[in-house]
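Chains as they are written, first to last, in my numbering: chain A, 1314 to 1616; chain B, 25 to 260.
Do not take every clue at face value.
Claimed, not checked - Here are the simulated lysine-lysine pairs, PhoX-like style, with alpha carbons at most 25 Å apart:
hint: 1; chain 1: B; residue 1: K153; chain 2: B; residue 2: K178
hint: 2; chain 1: B; residue 1: K143; chain 2: A; residue 2: K1509
hint: 3; chain 1: B; residue 1: K155; chain 2: A; residue 2: K1603
hint: 4; chain 1: B; residue 1: K52; chain 2: B; residue 2: K153
hint: 5; chain 1: B; residue 1: K219; chain 2: B; residue 2: K176
hint: 6; chain 1: B; residue 1: K153; chain 2: A; residue 2: K1485
hint: 7; chain 1: B; residue 1: K202; chain 2: B; residue 2: K143
hint: 8; chain 1: B; residue 1: K143; chain 2: B; residue 2: K178
hint: 9; chain 1: B; residue 1: K195; chain 2: B; residue 2: K178
hint: 10; chain 1: B; residue 1: K52; chain 2: B; residue 2: K155
hint: 11; chain 1: B; residue 1: K52; chain 2: A; residue 2: K1610
hint: 12; chain 1: B; residue 1: K155; chain 2: B; residue 2: K176
hint: 13; chain 1: B; residue 1: K30; chain 2: B; residue 2: K76
hint: 14; chain 1: B; residue 1: K195; chain 2: B; residue 2: K131
hint: 15; chain 1: B; residue 1: K153; chain 2: A; residue 2: K1610
hint: 16; chain 1: A; residue 1: K1485; chain 2: B; residue 2: K52
hint: 17; chain 1: A; residue 1: K1509; chain 2: B; residue 2: K176
hint: 18; chain 1: A; residue 1: K1485; chain 2: B; residue 2: K152
hint: 19; chain 1: B; residue 1: K143; chain 2: B; residue 2: K131
hint: 20; chain 1: B; residue 1: K202; chain 2: B; residue 2: K52
hint: 21; chain 1: B; residue 1: K152; chain 2: B; residue 2: K131
hint: 22; chain 1: B; residue 1: K52; chain 2: B; residue 2: K131
hint: 23; chain 1: B; residue 1: K155; chain 2: A; residue 2: K1610
hint: 24; chain 1: B; residue 1: K153; chain 2: B; residue 2: K176
hint: 25; chain 1: B; residue 1: K87; chain 2: B; residue 2: K76
hint: 26; chain 1: B; residue 1: K202; chain 2: A; residue 2: K1509
hint: 27; chain 1: B; residue 1: K176; chain 2: A; residue 2: K1485
hint: 28; chain 1: A; residue 1: K1485; chain 2: B; residue 2: K131
hint: 29; chain 1: B; residue 1: K178; chain 2: B; residue 2: K202
Stated by the list, open to error - Cβ-Cβ distance ranges computed for the label pairs, FRET-style:
hint: 30; chain 1: A; residue 1: P1381; chain 2: B; residue 2: S160; range: 57 to 65 Å
hint: 31; chain 1: B; residue 1: E232; chain 2: A; residue 2: I1414; range: 52 to 60 Å
hint: 32; chain 1: A; residue 1: I1387; chain 2: B; residue 2: G91; range: 36 to 44 Å
hint: 33; chain 1: A; residue 1: I1387; chain 2: B; residue 2: S45; range: 56 to 64 Å
hint: 34; chain 1: B; residue 1: S160; chain 2: A; residue 2: F1425; range: 48 to 56 Å
hint: 35; chain 1: A; residue 1: F1425; chain 2: B; residue 2: R235; range: 44 to 52 Å
hint: 36; chain 1: A; residue 1: F1593; chain 2: B; residue 2: A190; range: 33 to 41 Å
Source of the hints: derived by calculation from the structure; they are not laboratory data.
In this text the structure is predicted, and so the values were computed from the model without any measurement.
The C-beta atom is built at its ideal place from N, Cα and C for all residues, glycine as well.
Residues per chain are reported as follows:
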Amino acid sequence: MRHKDIMDLSTFLQQLTNAASLGSLYSLIAIGYTMVYGILRLINFAHGDVFMLGAYVAFYGVASFALPWWIAFIVAIGLTGLFGILLERIAYRPLRDSPRISLMISAIGASFLIENLGVVIFGGRPKSFPSIPLFDTVLNFGSVSVLSVSLFIPAFTLIILFALLFIVNRTKTGMAMRAVSTDVEAARLMAIDVNKVISFTFGIGSLLAALGGIMWSMKYPQLNPLMGIMPGLKCFIAAVIGGIGNIAGAVLGGFLLGFIEIMVAAFLPALTGYRDAFSFVLLILVLIVKPSGLLGKKQTVKV
Amino acid sequence: MLRIEKLSVHYGGIHALQGISLEVPEGKIVTLIGANGAGKSTTLKSIIGLVKPSSGSVTWNGKSLVGTQTKDIVESGIVLVPEGRRVFANLSVDENLSLGAYARSDKAETEADRRRVFKLFPRLEDRKKQKAGTLSGGEQQMLAVGRAIMTKPKLLMMDEPSLGLAPIVVKMIFDIIKEINAGGTTILLVEQNAKAALEAAHYGYVLETGRITLSGEGRQLLADDRVRKAYLGEAE
Chain A
1314 MRHKDIMDLS
1324 TFLQQLTNAA
1334 SLGSLYSLIA
1344 IGYTMVYGIL
1354 RLINFAHGDV
1364 FMLGAYVAFY
1374 GVASFALPWW
1384 IAFIVAIGLT
1394 GLFGILLERI
1404 AYRPLRDSPR
1414 ISLMISAIGA
1424 SFLIENLGVV
1434 IFGGRPKSFP
1444 SIPLFDTVLN
1454 FGSVSVLSVS
1464 LFIPAFTLII
1474 LFALLFIVNR
1484 TKTGMAMRAV
1494 STDVEAARLM
1504 AIDVNKVISF
1514 TFGIGSLLAA
1524 LGGIMWSMKY
1534 PQLNPLMGIM
1544 PGLKCFIAAV
1554 IGGIGNIAGA
1564 VLGGFLLGFI
1574 EIMVAAFLPA
1584 LTGYRDAFSF
1594 VLLILVLIVK
1604 PSGLLGKKQT
1614 VKV
Chain B
25 MLRIEKLSVH
35 YGGIHALQGI
45 SLEVPEGKIV
55 TLIGANGAGK
65 STTLKSIIGL
75 VKPSSGSVTW
85 NGKSLVGTQT
95 KDIVESGIVL
105 VPEGRRVFAN
115 LSVDENLSLG
125 AYARSDKAET
135 EADRRRVFKL
145 FPRLEDRKKQ
155 KAGTLSGGEQ
165 QMLAVGRAIM
175 TKPKLLMMDE
185 PSLGLAPIVV
195 KMIFDIIKEI
205 NAGGTTILLV
215 EQNAKAALEA
225 AHYGYVLETG
235 RITLSGEGRQ
245 LLADDRVRKA
255 YLGEAE
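Isolated chain B (complex conformation) (with noise of 0.2 Å):
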């Protein structure tokens, strides 16, 4: 369970975050919408340590991770696919998967998720020795979450997976978050697509310039008219 009190974000003199609090229970998927430059990708980068709060407290199953090393973060079972991929472009695809596991040492386990990845994105198998920087965008975005199955996490969180992609293959992501957490791994999902976002969410929060302005499970959310008229585009 990862939980966020208060939290506080300060860029120079943008104040990006101001004290949201969040929880993400154990096993479901919970999703952070909002608009552009309301703190969406702030949260995920402060919850994984590449941006340092000005206040506030993240814990993960009772620990404090404010502080905590990138590095230390990920190898605790929390991962982070960024926004735009981020795929290691001129990496082939199956050392893109191997840097996901780099810091684990259980060698059978790690070629068993290797298996698991191949198994939901046959297409990176078949360009496994491919350069990443060669793959279409909804391949890279494939990949950017097979190599983030392979840190094994406990945590998955996407920071916008659904950005430049077809609406074909936006579904198949969808799909896929849905089948990963029915695996057991607990999501939180950061979207400008509310609407795709909240019918996978159990669970969402609405993000307002720094602020948490509306909470609720996803469904209700998306029955909610400030919703509604917000982020899916409904007229009165």
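Just chain A, same shape as in the assembly (with noise of 0.2 Å):
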């Protein structure tokens, strides 16, 4: 009985920062949904397809150009940031003006044209992505075994994290992003370049897709094109049970999801079966007790 006490101590343990890890990479994707909504008030479906494509020119990078890891991940994910500022180009800038439908039925199309785009370029078959030592040691810490990677993983989101607050409170840019997330014509009036200040929000949500991307394939080094659909969907959740909008909310949220996922796949494995209906559960009961979401602000006008 005592045996059996440590044994799920040291079970919960390992499902901690396994959790955290998931939690950690739900995050990463969250925040380009909750930022690119808080200005353009779109979801941009395509955002789980763009978490797709930093993953495999990682992989790329690493497998067919023999590039060294961290060049090959630093190229991606600078590439995927141009892509996700390309994409609004093409798909959403255009519709600016349109009906906010025409806009989302946009979002979908680029979505759908990604995914079967990667599959023409890329090919149908699942890829696995070589492994690197750093990030593929198991580390023992008593009976708890960790890959290293579940580790790194929190600790670069902890830092994306901060680097991101702090840019959107403490600067310049950041201030312009907040005024156009409030108010468009307003900041017009206020000679603030609006397209820029677009393009770097989706700049820096493709970014942090596309590291989100590369962690995942660490973790679950099975890469195919419609790897992003899942996690899109998952992510997209987390930023709304975390209040949409709100940066703060989607790393909220997005800890919330991967933590209930693991725990239930791990204490409760007779309804592993069922854990992404957790997920949709989750955010019903949000919806129906705090429809703005955990963190999000009640809307209101003041005449």
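Both chains are given apart, each in its own frame, so use the hints to dock them into the complex.
As structure tokens, then:
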């Protein structure tokens, strides 16, 4: 009996590291959804596919061009950021003044296009990411053994998160981002180049998605062109649960989702098949109790 | 000097402005009065590039503004204090003022302008760390004007600055408008409060359903029977 208790504690700790890393990945992607929504009131359905692209570009950098992993990662993150900016230019900017539904349909179309181009260009067969020793080492802490990547992911995420909060809250560009997300027309009247701010936002969101995609492939090294769909959906949920438009909310939602998913799989193995369903149930519950999300503010208009 | 000639604007099927012409000479206060829906806001928005005119011209010191981006128009010295204030509610008072100076690179002068705004509106300085959304309506209007001053305008346009404010605040806002004008800034004022606007203005235009029907010096219009009947609520 005692022995079993110790086992359970170590299992719990082990799962906790898994939850922290999955939660971090969800957070990174959810931030992109929430930032774009904050500025354009658009759910960027192609965001999960941007995540997939980041992983593939890094894969080709390492596997085909034989670049050192860190160079490949930086290049992949940079290129994916540029891709995000391009996506906005091509698929969203021309529709800026159209009804919001057109923008949303364009987002869905962009998502399908990227996925299917992925199948054509990358091939439908899954690829496995080459092992990178730094991330692939098993570390033992007493009876708890952890894959090193599971510690790197939360650490990276925290650094990125603080950098992002610094940019948004303390820099001039961040101030412009907040202004545009509050009132685009008033921001124009302040001589803010709204297009530049929107491009910047897409760039940052896509960078984070790429980083998420790469880290994801360190942990789950199977790549396929449709790999972005489910994480994309989950992270959209995470952003909504946290309060869409709110960066801290996206992180909270991401961690919450990661935690629930891992713990359900670990401690209620009979329900493992339903682990995705738990995310949706959580979404429904949050929407019933607090429709604006956990950290979202109620929209009030002052006259 | 701002000159508008035969300006027409269509919104969908609505002909909002039907070829209006007006002038705003340098250093003056000019007001545009008229009822709701007459096209006053549309006029200001087409000057600042938020609305595209279907025909006609807007020239600012000899340069055409039609088709120019709002950002460039603001940088050329025209600013609009929009109807309903439109301050950035979840940003601090200080940040709102900094956003006014967003495109400026003259740091020392910007800080001097910030001090000037705080001198005009001491209440804003007391609340500079507060979120703009927590201010009262009058304070938000002060912030909107302060934010506009931070763009270093040569022409300050205001859309219904007195809307929804207590009479004492309205008086204060109009005093400030005159003070800003005395400092050399040209003012184009759109108002439903025709009396206060005409009293403050050197020159006025009356806009009715997209057309200018009357114009003249402020005092002259105040004395005009048609204006008194239609806009000052006086019986015959």
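Open item on the list: Checking one constraint from the list: CA of K52(B) to CA of K155(B), max 25 Å. Satisfied?
Closed with: violated, 34 Å
Open item on the list: For K30(B) and K76(B), compute the direct alpha-carbon distance and say whether it is at most 25 Å.
Closed with: At roughly 14 Å apart (the allowed maximum being 25 Å), K76(B) and K30(B) satisfy the hint.
- [ ] Please test the hint of 57 to 65 Å on the beta carbon pair from P1381(A) and S160(B).
- [x] holds, 60 Å
Open item on the list: Would the hint linking K143(B) and K1509(A) be met if the CA-CA limit is 25 Å?
Closed with: violated, 34 Å
Task: Supplied distance hint 52 to 60 Å, evaluated on CB atoms of E232(B) and I1414(A) - done: violated, 37 Å
Task: F1425(A) and S160(B) - C-beta distance against the hinted 48 to 56 Å - done: holds, 50 Å
- [ ] Mind checking the alpha carbons of K202(B) and K52(B) for me, to see if they're no more than 25 Å apart?
- [x] Satisfied, since the Cα-Cα distance of roughly 10 Å is no more than 25 Å.
- [ ] Decide if the proposed pair is consistent with the structure: K52(B) and K1610(A), CA atoms, cutoff 25 Å inclusive.
- [x] violated, 44 Å
- [ ] Take a quick look at whether K178(B) and K202(B) sit within 25 Å of each other, Cα to Cα.
- [x] Holds: K178(B) and K202(B) sit about 14 Å apart, inside 25 Å.
Task: 25 Å limit on alpha-carbon distance, applied to hinted pair K153(B) and K176(B) - done: Cα-Cα ~22 Å, so holds.
- [ ] Would you check the hint for K195(B) and K178(B), treating anything up to 25 Å between C-alpha atoms as holding?
- [x] holds, 23 Å
Open item on the list: For a C-alpha distance cap of 25 Å, please report whether K219(B) and K176(B) respect it.
Closed with: Distance of about 28 Å is beyond 25 Å: violated.
When held up to the earlier numbered hints, the structure conflicts with 1, 2, 4, 5, 10, 11, 14, 16, 22, 26, 31, 36 and fits the remainder.
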